[in-house]
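Novice: Everything in the sequence shown is counted per full-length UniProt numbering, starting at 1 for the first residue and increasing by one.
One or more hints might be untrue.
Calculated cross-link-like contacts (lysine-lysine; reagent style BS3-like; alpha-carbon spacing at most 30 Å) [to be verified]:
(1) LYS97 - LYS177
(2) LYS98 - LYS170
(3) LYS177 - LYS98
(4) LYS170 - LYS97
Quick caveat, the hints were computed from the structure, so don't treat them as lab data. Keep in mind the model is a prediction, meaning the values are calculated, not measured.
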Amino acid sequence: MSQTIDPAKTALNYHHTAEAAHHEEHHDYRLFGLIVFLIAEGMIFMGLFGAYLAFRSTLPAWPPEGTPELELLLPGVNTINLIASSFVIHNADTAIKKNDVRGMQMWFAITAVMGIIFLAGQMYEYFHLEFGLTTNLFASAFYVLTGFHGLHVTIGVLAILAVLWRSRRKGHYSSEKHFGIEAAEIYWHFVDVIWIILFGLLYIL
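Construct the complete structure from the given sequences, taking the supplied hints into account.
Specialist: This is the structure:
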(Lines of atoms letter the chains of each structure in order from A; the text may use other names.)
(Lines give C-alpha, C1' and ligand atoms only; values in the text may rest on other atoms or scores of the structure.)
Protein backbone atom coordinates (compact mmCIF):
# COMPACT_ATOMS: atom_id res chain seq x y z
CA MET A 1 0.00 0.00 0.00
CA SER A 2 1.57 3.28 -1.09
CA GLN A 3 1.91 6.14 1.37
CA THR A 4 0.56 9.58 0.59
CA ILE A 5 3.25 12.24 0.52
CA ASP A 6 2.30 15.44 2.28
CA PRO A 7 3.78 18.30 0.19
CA ALA A 8 3.52 20.77 3.08
CA LYS A 9 5.36 18.46 5.45
CA THR A 10 8.03 17.74 2.84
CA ALA A 11 8.55 21.45 2.24
CA LEU A 12 8.76 22.11 5.98
CA ASN A 13 11.38 19.38 6.45
CA TYR A 14 13.37 20.76 3.54
CA HIS A 15 13.21 24.25 5.05
CA HIS A 16 14.50 23.01 8.42
CA THR A 17 17.31 21.03 6.77
CA ALA A 18 18.32 24.00 4.64
CA GLU A 19 18.19 26.32 7.67
CA ALA A 20 20.39 23.97 9.71
CA ALA A 21 22.87 23.73 6.85
CA HIS A 22 22.87 27.52 6.55
CA HIS A 23 23.61 27.95 10.27
CA GLU A 24 26.44 25.43 10.08
CA GLU A 25 27.93 27.16 7.05
CA HIS A 26 27.50 30.57 8.70
CA HIS A 27 29.27 29.28 11.81
CA ASP A 28 32.24 28.22 9.70
CA TYR A 29 32.43 31.63 8.06
CA ARG A 30 32.34 33.37 11.43
CA LEU A 31 35.12 31.16 12.75
CA PHE A 32 37.18 31.87 9.64
CA GLY A 33 36.55 35.60 10.08
CA LEU A 34 37.64 35.44 13.72
CA ILE A 35 40.85 33.62 12.80
CA VAL A 36 41.66 36.16 10.08
CA PHE A 37 40.99 38.99 12.55
CA LEU A 38 43.29 37.47 15.18
CA ILE A 39 46.02 36.88 12.60
CA ALA A 40 45.80 40.55 11.62
CA GLU A 41 45.90 41.61 15.27
CA GLY A 42 48.82 39.28 15.89
CA MET A 43 50.73 40.85 13.00
CA ILE A 44 50.20 44.31 14.50
CA PHE A 45 51.56 43.12 17.84
CA MET A 46 54.49 41.36 16.16
CA GLY A 47 55.28 44.62 14.37
CA LEU A 48 55.26 46.47 17.70
CA PHE A 49 57.44 43.80 19.31
CA GLY A 50 59.85 44.00 16.38
CA ALA A 51 60.05 47.79 16.70
CA TYR A 52 60.69 47.46 20.43
CA LEU A 53 63.55 45.00 19.85
CA ALA A 54 64.96 47.26 17.13
CA PHE A 55 64.93 50.25 19.50
CA ARG A 56 66.58 48.13 22.15
CA SER A 57 69.38 47.03 19.81
CA THR A 58 70.25 50.61 18.81
CA LEU A 59 70.98 51.85 22.32
CA PRO A 60 74.03 50.88 24.39
CA ALA A 61 71.93 50.61 27.57
CA TRP A 62 68.34 49.40 27.85
CA PRO A 63 66.38 50.81 29.52
CA PRO A 64 68.35 54.06 29.02
CA GLU A 65 70.36 55.26 32.00
CA GLY A 66 68.28 57.13 34.55
CA THR A 67 65.11 55.15 33.86
CA PRO A 68 63.58 54.00 37.17
CA GLU A 69 63.50 50.24 37.51
CA LEU A 70 60.17 48.49 36.99
CA GLU A 71 58.65 46.66 39.93
CA LEU A 72 57.94 42.98 39.32
CA LEU A 73 55.48 42.15 42.10
CA LEU A 74 52.28 43.75 40.77
CA PRO A 75 52.87 42.83 37.10
CA GLY A 76 53.76 39.30 38.22
CA VAL A 77 50.51 38.96 40.18
CA ASN A 78 48.63 40.46 37.23
CA THR A 79 50.24 37.89 34.93
CA ILE A 80 49.23 34.98 37.16
CA ASN A 81 45.70 36.41 37.32
CA LEU A 82 45.44 36.66 33.53
CA ILE A 83 46.84 33.17 32.94
CA ALA A 84 44.42 31.74 35.52
CA SER A 85 41.54 33.50 33.77
CA SER A 86 42.24 31.43 30.65
CA PHE A 87 41.50 28.26 32.60
CA VAL A 88 38.40 29.87 34.10
CA ILE A 89 36.94 30.88 30.74
CA HIS A 90 37.62 27.39 29.37
CA ASN A 91 35.35 26.04 32.11
CA ALA A 92 32.58 28.21 30.66
CA ASP A 93 33.02 26.57 27.26
CA THR A 94 32.98 23.13 28.88
CA ALA A 95 29.80 24.03 30.78
CA ILE A 96 27.83 25.20 27.75
CA LYS A 97 28.75 22.04 25.84
CA LYS A 98 26.90 20.21 28.63
CA ASN A 99 23.95 22.61 28.27
CA ASP A 100 24.85 24.12 31.64
CA VAL A 101 23.96 27.75 30.94
CA ARG A 102 24.16 28.73 34.62
CA GLY A 103 27.63 27.27 34.88
CA MET A 104 28.72 29.11 31.75
CA GLN A 105 27.38 32.38 33.14
CA MET A 106 29.21 31.86 36.43
CA TRP A 107 32.57 31.15 34.78
CA PHE A 108 32.17 34.02 32.33
CA ALA A 109 31.31 36.41 35.16
CA ILE A 110 34.41 35.32 37.08
CA THR A 111 36.55 35.81 33.97
CA ALA A 112 35.16 39.32 33.49
CA VAL A 113 36.00 40.19 37.11
CA MET A 114 39.53 38.84 36.64
CA GLY A 115 39.92 40.95 33.51
CA ILE A 116 38.76 44.06 35.36
CA ILE A 117 41.21 43.28 38.17
CA PHE A 118 44.00 43.06 35.58
CA LEU A 119 43.05 46.45 34.14
CA ALA A 120 42.83 47.99 37.62
CA GLY A 121 46.29 46.62 38.41
CA GLN A 122 47.66 48.12 35.23
CA MET A 123 46.13 51.51 36.00
CA TYR A 124 47.58 51.36 39.52
CA GLU A 125 51.00 50.67 38.03
CA TYR A 126 50.66 53.61 35.63
CA PHE A 127 49.85 55.99 38.48
CA HIS A 128 52.88 54.86 40.48
CA LEU A 129 55.49 54.71 37.71
CA GLU A 130 58.31 57.21 38.08
CA PHE A 131 58.48 57.96 34.36
CA GLY A 132 56.03 59.36 31.83
CA LEU A 133 55.16 58.68 28.23
CA THR A 134 57.79 61.11 26.90
CA THR A 135 60.60 60.41 29.40
CA ASN A 136 62.64 58.38 26.90
CA LEU A 137 62.31 55.74 24.19
CA PHE A 138 61.80 52.89 26.64
CA ALA A 139 59.06 54.79 28.49
CA SER A 140 57.23 55.55 25.24
CA ALA A 141 57.47 51.93 24.11
CA PHE A 142 56.30 50.70 27.51
CA TYR A 143 53.16 52.84 27.54
CA VAL A 144 52.30 52.12 23.90
CA LEU A 145 52.70 48.35 24.23
CA THR A 146 50.93 47.94 27.57
CA GLY A 147 48.25 50.47 26.63
CA PHE A 148 47.49 48.76 23.32
CA HIS A 149 47.28 45.42 25.09
CA GLY A 150 45.09 46.95 27.80
CA LEU A 151 42.72 48.12 25.06
CA HIS A 152 42.42 44.51 23.87
CA VAL A 153 41.75 43.29 27.41
CA THR A 154 38.98 45.90 27.66
CA ILE A 155 37.47 44.65 24.38
CA GLY A 156 37.67 41.10 25.72
CA VAL A 157 35.85 42.04 28.92
CA LEU A 158 33.15 43.82 26.92
CA ALA A 159 32.75 40.75 24.68
CA ILE A 160 32.32 38.55 27.75
CA LEU A 161 29.75 40.93 29.21
CA ALA A 162 27.90 40.95 25.87
CA VAL A 163 27.72 37.15 25.95
CA LEU A 164 26.40 37.28 29.51
CA TRP A 165 23.76 39.80 28.48
CA ARG A 166 22.61 37.67 25.55
CA SER A 167 22.57 34.53 27.67
CA ARG A 168 19.68 35.98 29.69
CA ARG A 169 17.37 34.94 26.86
CA LYS A 170 16.35 31.33 27.29
CA GLY A 171 17.74 29.10 24.57
CA HIS A 172 20.08 31.74 23.12
CA TYR A 173 23.06 29.52 23.90
CA SER A 174 23.07 25.73 24.08
CA SER A 175 25.35 22.75 23.50
CA GLU A 176 24.53 23.04 19.80
CA LYS A 177 24.60 26.84 19.48
CA HIS A 178 27.39 28.64 21.31
CA PHE A 179 29.68 30.31 18.79
CA GLY A 180 29.67 33.61 20.72
CA ILE A 181 31.04 31.80 23.76
CA GLU A 182 33.75 30.07 21.72
CA ALA A 183 34.71 33.34 20.03
CA ALA A 184 35.06 35.18 23.35
CA GLU A 185 37.15 32.33 24.74
CA ILE A 186 39.49 32.21 21.72
CA TYR A 187 39.94 35.99 21.83
CA TRP A 188 40.68 35.86 25.56
CA HIS A 189 43.35 33.20 25.06
CA PHE A 190 44.89 35.41 22.36
CA VAL A 191 45.02 38.37 24.75
CA ASP A 192 46.69 36.17 27.38
CA VAL A 193 49.38 34.89 25.01
CA ILE A 194 50.18 38.45 23.91
CA TRP A 195 50.57 39.53 27.54
CA ILE A 196 52.96 36.67 28.33
CA ILE A 197 55.20 37.83 25.46
CA LEU A 198 54.88 41.45 26.61
CA PHE A 199 55.72 40.58 30.20
CA GLY A 200 58.84 38.76 29.07
CA LEU A 201 59.99 41.64 26.85
CA LEU A 202 59.30 44.50 29.25
CA TYR A 203 59.91 43.06 32.70
CA ILE A 204 62.24 40.07 32.31
CA LEU A 205 64.65 40.58 29.40
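Novice: Could you grab the alpha-carbon distance between LYS97 and LYS177 and see if it respects the 30 Å cut-off?
Specialist: 9 Å, holds
Novice: Please work out if LYS170 and LYS97 have their alpha carbons no farther apart than 30 Å.
Specialist: 16 Å, holds
Novice: Are LYS177 and LYS98 close enough, with their CA atoms no more than 30 Å apart?
Specialist: 12 Å, holds
Novice: Sort out whether LYS170 lies within 30 Å of LYS98, counting only the CA atoms.
Specialist: Cα-Cα ~15 Å, so holds.
Violated hints for the displayed structure: none, as all numbered hints are satisfied.
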